[in-house]
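Q: Let the hints inform the model, and build the full structure from the sequences given.
Chains as they are written, first to last, in the numbering used here: chain A, 1 to 863; chain B, 1 to 137.
By construction, these hints were calculated from the structure, which means they are not laboratory data.
It cannot be assumed that every hint is accurate.
Unchecked claim - Which chain A residues face chain B? A few, computed with CB under 10 Å, are given here:
#1 407
#2 539
#3 543
#4 635
#5 642
#6 666
#7 668
#8 674
#9 675
#10 679
#11 721
What the hints assert, rightly or not - Using 27 Å as the maximum straight-line C-alpha spacing, the simulated BS3-like pairs for lysine-lysine come out as follows:
#12 A:715 to B:117
#13 A:715 to A:659
#14 A:758 to B:117
#15 A:616 to A:704
#16 A:704 to A:715
#17 A:566 to A:509
What the hints assert, rightly or not - Using C-beta positions, here's what the derived DEER-type ranges look like:
#18 B:86 to A:707: 41 to 51 Å
#19 A:859 to B:77: 45 to 55 Å
#20 A:555 to B:77: 48 to 58 Å
#21 B:25 to A:555: 27 to 37 Å
#22 A:846 to B:83: 33 to 43 Å
Here the structure is a predicted model, which is why all the values come from computation and not from measurement.
Think of the CB as a built atom: it goes at the ideal place given N, C-alpha and C, for glycine as much as any other residue.
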Amino acid sequence: MLALASLVSPVSPARPLSSVSRWGWGVAFGVAGYALNLAALPLAFGLDFILGGTLAILALRLFGAGPGILAAAISSAATYVLWHHPYAAIVFTLEVAFLAVLIRWRNVPPLLAAAIYWVILGGPLLFLTYGGILGMDTAAVALVAAKQGINSLVHIILAEIIVLAGVMAFPALAARLALRRISLANLMFIGFVAFAAIPAITIAVVDARQRFDDVVVKAGQQARNLSAHGQSILTRHVNDIVAETVDIMESGGDPSLLALHHDLTYLKVTDVISGVAVESANSRNENPADFLLLNNVSADIRGKRVVISARKQLAQVQRILDFAAFVPGENLNIRPASGLPASGTSEIRSLGGGAWLHLPALAGKSIMQSWSAATVEASLPGLDGRYEFHVNIPLDSRIADYRSDTLYALGVVLVLMLLLPLFALPVSRAFVSGLETVIENMRRYGPSEQIAPAVAGARSPLAEVAMLGTEFEKLTVEISRRRLETERHRSRLEHLIHDAPVVILVLSKEERNTPDRMRVVSDSASRILGYSPEEIRAPGWFQNNLHPDDAEAVDRQRGVMQETGKASHRFRFRHRDGHYLTIFSETQVMTEPTTGEQEVMIVWLDQTQQAAAERKVVQSAKMADLGQMATGMAHELNQPLNIIDLAAANTIGRIDRGKADDDYVRSKLDRIRAQVSRATEIIDHMRIFGRADSGEQGPFLVRKVVDGLETLYRKQVTLDGIDFEIDNAVPDARVLGNPGLLEQVLLNLVTNARQQIKARMADGHDAPAAGGRHFIRIAVRDRRGGAGIELSVADSGGGVDPSILPRIFDPFVTSKPVGQGTGLGLSVAYGIVHDMGGRIEALSEADGATFTVSLPLAEPVAA
Amino acid sequence: MNLRVVSDSSRSKNVSGKVLVVDDDAMQVEEIVDFLNDHDIPAIGESNPEAAVAIIDRERPALLVIDVNMPTIDGVRVTQVLRALNYNGVILLISGDLDAVRRAHEAGPEVFAVLTKPIPLPALERYARAVLARDVH
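A: So, in structure tokens, the structure goes:
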């Protein structure tokens, strides 16, 4: 019942009618219905088709339950006038009340509600009142019930058609009346029912009227014909008497015989000229009340004009008529002439031509006619002016036939009307199911909340079209809202990509060296790097502007990216104005969600300033380490200066004593020069170590770094009583980076080791080894089959404090006394090693610590 | 710098009138020996501390000028060894840093004097003459 029950969707009524107005309209519709009911359409035999109920149903639909029931009560009051009993009014008013409840309670369609009412309440009530109280026979009540049922359904169909037409024509008014929208299904349903039911009802009504005419008019005709028949029989009888009288009189016979023969009570033949009269023997007994068969009828007897008069007893005349009339029960009677129908308690209707319909009142209830006892009467003047022929035909059997036929016809119509919904329902539902699916889908995929005013729908009185309009409009608004939102998101994302302080590039993973390869170039690329997007997209742009020293490292990272799907590294890249930027690059392979294409997302962060800052940190850490070496360095420098001083003093002394020969002086000057070279060498190393990192990258020999450190440090460490051992197993190993930075790492490790050992020595700890000497051991080892090296610094300093070990590479973590360490050295070393693509690990044991730096080789060492 | 020659009566007199210069730097040894010889002070030199112990034992120099900071052996340690060998000459320590001077003093009475680098040559000459004169007389 979905289509029927929810035929319509509620629409907020615009300026609804006031309560007073609604009741006022209810009264007005009731009065109009009353008038319409009085103009009843008589069907037959007391059945009237009345249409006033339509207005009551309309009032119910338009103004609500109260006004509707009031209109029903007012309009149905007319039936009392029509039918002289209150039961029709009661049953109809009850029907409207029933409809009001069902419509309001369950939104049951009125037609269905009426059908239910007539089956369960209306029909039984009629039998109770018409049959029980009024005493109508069952067949009559059944007929009345069928008629009433159909009449009621007609009310509703008409009212529904008027409502639908009105809503279609005046949707604004419909809104004021709080009428619901019409569903297409409802329209179809009513259309179907009306299309089939109205012709059927019309035919049934016309047929019933026709049958009524057939029965009553034919009966009247028959009555008249029978009367005429009696007339002609009696006329023939009279003619026979005249002829026989003439015959007897001519033969000189006695007219008394004739009178006897024809049961005449009186016969008199009078000669017009002579005035001689011959009378029958019984003429003396003439009874003036007897039927005057012949009243001075002229005839010729042997040339003499005579007039004949004859009388017969009424009973004898009636006998002749009885004998002549063959239809039993349809008595042809002779009776005293009145020219009027028989009077009595019957209602008499003239059928014309001297025929009347007699409707006797129901026993004890003068207002009701008993159609079962109805008769048709006709009379014609009798030959004796005082009498007339009269025919009275009872209609009982004919009406019984009529009733059964009409009941059958109305029954068929009723059944048809009840069955129609069963057909109309699925058809109308099928008709709108497509639309309902569309609406349902729109609701499902449309916006979840009311986001648009339902203006589009308000214009259409058709519910589905209105819903479709509303949902479509909502959907449209939602789509445009989402489009705006998407646009905003897109613009925001674009903003993010293009205005971010990073360069974002997205490349196709497959395509190579085509301008199309670069799928996304953020605007920030031009801002940060100085190149136009076209220049950036040009093939070879990256290779051409990459710092040559970094090409190898970049290549290696590219390999890592291919292998693992991601890579991060740092390189120098030429800005369009020529200077190099330090770029930190994060690269990740992604799958484009819509096309499934493999893409490479590259994010570049300009770390030029940070790199400079880092170099400063490295430099200060290095300076700190150099500061730690300063004492040793001073000693180192002191030695050659001492020798220079001694050699110079000795030479001056010789010269003063006049003993300085050229060879002596030369040898001393050579010595001085040698010592100057020695000092210069030390200073040079210090300068090399102390120089600021330029950021230059490239492959370099690890051995050079180790050797440089040895030159600088061996003497000092040795003087501290510490063995300084170097064990380089891969003297040709080259790594990629800045040699100064690796020097810094090594210097830091060795400095730490030396300090650790010295602190230990100061605390009175002997070396752990059997030899009894402390040591610092630098080892370079092959790693991963030639792919990398391990540069380790091991010492006998007693290991790292376990509480510090996990954080040893964090900044500002130090085990040294305040003022002796910045805590930056190892964290700087960690950063340097990481930047070189390597890692640094600390291993601590009771005897000492080993720091191992693992670095990838710039090129693999031949095994 | 003023150096006092401390008289020690317990010291044996059986030392030769020579100065022995020990430093791991051969050129330094050579220059100091040259200087002392140029000033008529008999001096010999040795750059190997281990060899120097043997020479001292053999030559018994009246004055031993020895560097504190040597890679293989500490000068202070050498003095202790020499005392163990009953060497009773005068020991003059030469050091480049004050830390070594401190350690030398802590080492005990075997050390008579400490000179810091660069070596003040006139002071060395005066000290050597004073030691040799005392031992000769």
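Q: Tell me, in ascending order, the numbers of any earlier hints that this structure violates.
A: 1, 2, 3, 6, 10, 13 and 21
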